[in-house]
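K.L.:
Chain by chain, the residues run as shown.
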Amino acid sequence: MRHSTTVRVGPRIFRVGSDWRRPIWELETLYADYEKGGIPHFTVRLEATNWWRRWLRPQLAIAGDHMLPDAVPVALHHGLLAAEMAMNLQMALGERRVLLLHAATVERGGKAVILTGESGSGKSTLAALLMARGWRFMGDEFALIDPASGLVHPFPRPVSLKNESIAAIQAAMPKGRLGPLLAGTPKGDVRHLAPVAECVSARDPAEPVAVVFPRFGFEAEQREVGKGETFVRLTQASTNYTALGEAGFAALTGLVAKLPALAVDYPDGAAGVAAIEALA
Amino acid sequence: MDARHLAKALADPPYVLTLDERGWTALLAMAHTESLAASLAWRLDGLDVPETAREMLAQARDHAEVQRIHALWEAEMARRALAPIGCVPILLKGTAYAAAGLDAGRGRLIGDLDILVARERLDEAEAALLGAGWEWAKPDPYDDSYYRRWMHELPPLIHRERDRMIDVHHSILPPTARTGRVDPAALIAGAVPLGGGLAILASEDMLLHAVAHLFADGELSGGLRNLWDIDRLIREFADTPDWWQRVHAASSRHSLTPHLSRALRLTRHLFDTPVDAHLAWKPRLGDVWFLQRILARDGWGRENRKALRFSFYLRSHWIRMPLPLLARHLFTKWRMGRAAR
Numbered sequence: 147m148r149h150s151t152t153v154r155v156g157p158r159i160f161r162v163g164s165d166w167r168r169p170i171w172e173l174e175t176l177y178a179d180y181e182k183g184g185i186p187h188f189t190v191r192l193e194a195t196n197w198w199r200r201w202l203r204p205q206l207a208i209a210g211d212h213m214l215p216d217a218v219p220v221a222l223h224h225g226l227l228a229a230e231m232a233m234n235l236q237m238a239l240g241e242r243r244v245l246l247l248h249a250a251t252v253e254r255g256g257k258a259v260i261l262t263g264e265s266g267s268g269k270s271t272l273a274a275l276l277m278a279r280g281w282r283f284m285g286d287e288f289a290l291i292d293p294a295s296g297l298v299h300p301f302p303r304p305v306s307l308k309n310e311s312i313a314a315i316q317a318a319m320p321k322g323r324l325g326p327l328l329a330g331t332p333k334g335d336v337r338h339l340a341p342v343a344e345c346v347s348a349r350d351p352a353e354p355v356a357v358v359f360p361r362f363g364f365e366a367e368q369r370e371v372g373k374g375e376t377f378v379r380l381t382q383a384s385t386n387y388t389a390l391g392e393a394g395f396a397a398l399t400g401l402v403a404k405l406p407a408l409a410v411d412y413p414d415g416a417a418g419v420a421a422i423e424a425l426a
Numbered sequence: 011m012d013a014r015h016l017a018k019a020l021a022d023p024p025y026v027l028t029l030d031e032r033g034w035t036a037l038l039a040m041a042h043t044e045s046l047a048a049s050l051a052w053r054l055d056g057l058d059v060p061e062t063a064r065e066m067l068a069q070a071r072d073h074a075e076v077q078r079i080h081a082l083w084e085a086e087m088a089r090r091a092l093a094p095i096g097c098v099p100i101l102l103k104g105t106a107y108a109a110a111g112l113d114a115g116r117g118r119l120i121g122d123l124d125i126l127v128a129r130e131r132l133d134e135a136e137a138a139l140l141g142a143g144w145e146w147a148k149p150d151p152y153d154d155s156y157y158r159r160w161m162h163e164l165p166p167l168i169h170r171e172r173d174r175m176i177d178v179h180h181s182i183l184p185p186t187a188r189t190g191r192v193d194p195a196a197l198i199a200g201a202v203p204l205g206g207g208l209a210i211l212a213s214e215d216m217l218l219h220a221v222a223h224l225f226a227d228g229e230l231s232g233g234l235r236n237l238w239d240i241d242r243l244i245r246e247f248a249d250t251p252d253w254w255q256r257v258h259a260a261s262s263r264h265s266l267t268p269h270l271s272r273a274l275r276l277t278r279h280l281f282d283t284p285v286d287a288h289l290a291w292k293p294r295l296g297d298v299w300f301l302q303r304i305l306a307r308d309g310w311g312r313e314n315r316k317a318l319r320f321s322f323y324l325r326s327h328w329i330r331m332p333l334p335l336l337a338r339h340l341f342t343k344w345r346m347g348r349a350a351r
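Residue numbers (my numbering), protein chains in the order written: chain A, 147 to 426; chain B, 11 to 351.
Errors might be hidden in some of the hints.
Said to hold, decoys possible - Pairwise CB distance ranges (calculated):
1. B:R348 - A:E370: 54 to 62 angstroms
2. A:T381 - B:R338: 31 to 39 angstroms
3. B:P293 - A:Q382: 54 to 62 angstroms
4. B:T342 - A:L202: 28 to 36 angstroms
5. A:D216 - B:R348: 13 to 21 angstroms
Hints listed in this document are in silico derivations from the structure and should not be mistaken for laboratory results.
None of the values given here were measured: they were computed from a predicted structure.
For each residue, glycine too, the CB sits at the ideal point set by N, CA and C.
Full structure from sequences and hints, please.
P.N.:
And the structure:
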């Protein structure tokens with residue numbers, strides 16, 4: 147491909163190629179603190195949907211080692227979002243060594259808290275706020291559970307902030323490095339926040355101590371979640387649970403048996419942070 | 011660079027010890043997109059490879075192992091569904107290799123379950139499978155009648171709970187194919203019981219099915235993987251006494267000898283397979299095009315050589331059915347496509 151870069155995120159290396167310079171340049175700027183180069187685990191391609199779309203109303207299609215048959219093409223000015231989506235897709239469909247949970251993970255003193263829930267539950271924002279308070283940010287897209295050890299490995303991609311949370315995080319982390327504002331995406335306005343450099347370079351895994359199902363915008367309340375419900379919700383939150391077969395089942399049941407699970411409703415960032423800080 | 015890079019690594023594993031970062035990057039991307047990553051992993055077992063490659067090859071192997079277990083379970087499910095009507099399914103392709111413990115099954119990715127049953131038992135087998143939880147995957151009346159009239163298999167069935175597909179074949183090539191005139195009765199008569207209520211094709215028929223599969227689909231996408239199957243099967247069986255004679259007899263019976271010869275030349279060229287020189291016959295001009303087509307893959311895992319691929323695509327329709335039938339089929343599909351919009 148004409149333009150390309152190779153970046154390491156936690157234990158995985160991604161090669162991203164593009165027909166245009168712009169998405170690669172944006173990616174390299176946002177990923178300035180990340181290790182570059184090496185033999186990649188996954189290849190991602192951002193290709194023009196056909197030859198004239200390279201110049202005229204440029205539009206890029208997501209491709210790579212692993213692809214979805216009917217992925218919707220994206221306008222070039224949302225190229226950074228496409229690159230991020232494409233890397234997620236490689237993990238979601240291709241990763242077979244570790245169990246993936248769609249979750250944010252934060253760690254303090256060797257203890258990791260897994261925050262999982264649907265988009266809009268506030269897990270990314272919560273993880274960023276905790277990072278601003280000195281927690282180690284281990285990722286806001288996937289928690290990587292090693293079936294052999296039960297430990298969670300870091301996957302510290304840039305935090306994907308949406309809509310109102312962009313301003314909230316700018317206020318909490320005035321020195322934080324933000325990517326370009328991607329306005330009017332299918333998820334609304336999106337802006338990426340580069341994690342602090344120590345979170346990017348740290349490769350050591352951590353011991354998970356709690357699973358939290360956060361819910362933003364509700365009156366403060368906590369409830370313990372039963373083992374059965376936790377297991378089912380986590381199978382739904384995992385992109386490769388079935389593909390891992392028996393190893394996936396063993397990893398997930400091991401995790402659920404060991405950890406307390408908590409549903410946490412919180413009205414605002416401060417209340418959410420306080421609830422998590424009480425855990426580890 | 012093209013997929014000859016991958017073919018070399020498969021045929022001669024120490025080749026990878028000469029690779030730099032770029033070479034490894036391309037090799038992994040190609041192996042992945044050609045569905046040969048786990049096969050490559052088995053071939054490179056024990057060699058000193060870079061860390062990323064080791065991790066990705068191990069992942070590929072784990073993945074293939076999970077697929078092998080699922081495939082064998084699916085075969086067992088089909089066996090249980092067909093046992094009450096006294097029908098022993100003959101496993102085809104990947105599931106057959108895995109069930110028989112053949113080298114060709116090592117690291118082979120297995121998607122759908124393919125089985126062969128006698129044409130006269132097809133209706134009963136279909137009813138038994140429908141009764142055991144399989145459903146039509148394409149409930150369109152035109153597709154359905156098209157399959158039943160012109161294809162060598164039932165329309166694909168999918169299991170409603172396990173979400174797995176089964177292709178029930180009554181032959182290994184469509185009756186309209188220009189490729190060959192297969193004798194399904196001979197395939198069934200020669201089948202080898204595996205014990206446990208399952209069977210596989212005789213080794214010579216297994217080879218010919220792999221050959222038919224390589225050429226009959228015509229487009230030759232996935233061709234390298236099919237050729238690798240052929241190489242593995244030949245190495246497994248070539249030392250059996252009289253095996254090449256039996257292969258020749260079977261290829262004459264199914265009128266597949268020209269295709270067999272070409273497959274033997276291609277696999278010998280790419281993988282240095284020990285083939286029967288007499289059956290491989292002399293190189294033909296077209297071999298070059300087939301090689302170029304099969305190896306059309308760049309270091310990013312993309313298929314290249316667009317014009318060549320397109321000509322193979324056209325050819326694929328040409329060889330699958332006579333022209334008037336093709337025209338009618340494409341016209342109906344076009345009208346259906348317009349109606350859907």
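K.L.:
Using the beta carbons of D216 of chain A and R348 of chain B, state whether their distance is inside 13 to 21 angstroms or not.
P.N.:
Given a distance of about 19 angstroms, which is inside 13 to 21 angstroms, the answer is holds.
K.L.:
Does the Cβ distance between P293 of chain B and Q382 of chain A fall inside 54 to 62 angstroms?
P.N.:
holds (56 angstroms)
K.L.:
Does the hinted range 28 to 36 angstroms hold for T342 of chain B and L202 of chain A at CB?
P.N.:
Holds: the Cβ-Cβ distance is about 35 angstroms, inside 28 to 36 angstroms.
K.L.:
Lying within 31 to 39 angstroms: is that true of the beta-carbon distance T381 of chain A to R338 of chain B?
P.N.:
Check failed, 47 angstroms falls outside 31 to 39 angstroms.
K.L.:
Has the hinted range 54 to 62 angstroms been met by the Cβ atoms of R348 of chain B and E370 of chain A?
P.N.:
holds (57 angstroms)
Consistency note: the structure conflicts with earlier hint 2 alone.
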